[in-house]
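Visitor: With UniProt numbering applied, the sequence shown covers 1 to 119.
Keep in mind the hints are simulated off the structure, nothing from the lab. Hints should not be assumed to be uniformly reliable.
Lysine-lysine pairs mimicking DSS-like chemistry, simulated, CA-CA at most 25 Å apart [said to hold, decoys possible]:
id	residue 1	residue 2
1	102	46
2	119	46
3	102	119
4	91	102
5	8	91
6	79	8
7	119	67
8	69	79
9	8	46
10	91	79
11	91	67
12	67	79
13	91	119
14	84	69
15	102	8
16	46	84
All of these numbers come straight from a predicted model, not from anything done at the bench.
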Amino acid sequence: EDSVYLAKIAEQAGRYEETVESMRRIASSNQELTVEGRNLLSVAYKNAISARQASWRIISSIEQEEKLKGNEAQAQTLKAYGVKIESELAKIYEDILDILNKHLTPSAASGESEASYYK
């Protein structure tokens, strides 16, 4: 319960990476998550992903502007930065899928739990 409490506090403080870490530890225990735990897990990953998606959109937009201006060097720098963000997103996607496939869906005791993991 301390881990769930800390995850809630981290989420309220906008420290989504810490919320993700706490929920990853809880989910890896192979125990079924409570409704609150499932919601925290979902919100933590959603926020971690959303922040990076927003960053990627901004970087991509600036990259296009630099290309239009003929600033190829800056455009290449921005492209590399975008690839870095894409890599971070891929890692987050792999992480949540790993947790779902190895820990959460196998330990889901109810149809409600399992259905929530597929959302």
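Visitor: For a quick check of understanding: which of the numbered hints are violated here, in increasing order?
Guide: 6, 7, 11
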